[in-house]
Amino acid sequence: MKALASALGAGFLFGTGLWVSGMANPKKVLGFLDVAGDWDASLLLVMGGAVAVTLAGFRIFRAKFETPVREDVDFPLVAGSALFGIGWGIAGYCPGPAITALSTLSTESIVFVAAMLAGGFLNRLTARA
Amino acid sequence: MHDFTPVSALLGGALIGLASVWLLAANGRIAGVSGILHGLFSPLDARQGQHDAQWRAWFISGLLLAGLAWQAAGAPVPVRVGFPLGWLAAAGLLVGYGTRMGSGCTSGHGVCGLGRLSLRSLVAVIAFMGAGMLATYVTRQVIGVTS
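Chains as they are written, first to last, in my numbering: chain A, 1 to 129; chain B, 1 to 147.
Just so you know, these hints were derived from the structure itself, not from any lab. Quick caveat: nothing in here was measured; it's all calculated off a predicted structure. One or more of the hints may lead you astray.
Said to hold, decoys possible - Part of the chain B face toward chain A, derived, beta carbon under 10 Å:
(1) LEU11
(2) TRP55
(3) GLY74
(4) ALA91
Unchecked claim - Among chain B residues calculated to face chain A with C-beta under 8 Å, some are:
(5) SER42
(6) ALA72
(7) LEU85
(8) GLY92
(9) ARG116
(10) GLN141
(11) GLY144
Each residue gets a CB set at the ideal place from its N, CA and C atoms; glycine is no exception.
Please model the entire structure based on the sequences and the hints provided.
Okay, here's the thing in structure tokens:
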């Protein structure tokens, strides 16, 4: 029960950070990715602020817990990340912001999240084959 | 660069970082949203052979509740109307497929992976940032996809 409460709380805090920072706004995200346009560097600071906290925080807690151990750079990592980047660059949504934006019940958030889930299933089907 | 919002960006980023540290400290989990989401629907991906959908569902619920609370508080909700749904659907497919293939997204590889000083995550971040900037350039500046 305690673990579920902390998962809920962490999700809530994470989501709040997405709204406060502007990450939940796909136009702002595209403003950052559009380096040839009227470039908005804000998202660099979102990432910087977040990583500054995880760098310090993970140092304290990391040893106590299981974290990913792989360090090899392989094809699926690079190709998958590139495919994700293309989708992100088209629409301005990555998974976290897309999910929290779903709370507005906007047509575009519903379409995007449905397609994102379908993409995940599709990868699972092809990976198994 | 008239849309630059450094204070809210840093503050929001710090909240995202805090939430990630919290999830690791309390649950021993990496706050990678794509991984949490995909794992919700795939029992086989669960650790120790048992399905662990519960905490994932609660984290996702927290993300949704944050959006509801934000709106209830009367904070500004950016709306984008008229962005082509076909492009949105294609983008969503790519994001879902790619994050699963590449084992992470902006949060798992970006916020958490960089915080762990993971080489894999650094490579992933460079790949999705680069591809993202290229895709935005092509769709916005060349093809002209906008809302």
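Quick rundown of the hints versus the structure:
With a least beta-carbon distance of about 6 Å to chain A, the hint placing LEU11/B at the interface is held under the 10 Å criterion. For TRP55/B, the interface hint holds, the least distance from its beta-carbon to any beta-carbon of chain A being 4 Å, beneath 10 Å. Taken as an interface hint, GLY74/B does not check out: its beta carbon lies about 12 Å from the nearest beta carbon of chain A, beyond 10 Å. Because the closest C-beta pair between ALA91/B and chain A is about 4 Å apart, less than 10 Å, the hint holds.
Given the 8 Å rule on beta carbons, the hint for SER42/B holds: about 6 Å separates it from the nearest Cβ of chain A. The interface hint given for ALA72/B is broken, as the beta carbon of that residue sits about 10 Å from the closest beta carbon of chain A, more than 8 Å. Against a cut-off of 8 Å between C-beta atoms, the interface hint on LEU85/B holds, since the closest Cβ of chain A lies about 5 Å away. Hint status for GLY92/B: holds, given a least beta-carbon distance of 3 Å to chain A, under 8 Å.
About 6 Å separates the beta-carbon of ARG116/B from the nearest beta-carbon of chain A, less than 8 Å, and the hint is met. At a threshold of 8 Å, the smallest CB-CB gap from GLN141/B to chain A is about 5 Å, leaving the interface hint in force. Here the hint on GLY144/B is broken, as its CB sits about 12 Å from the closest CB of chain A, past 8 Å.
Hints 3, 6 and 11 from the earlier list are contradicted by this structure; the remaining hints agree with it.
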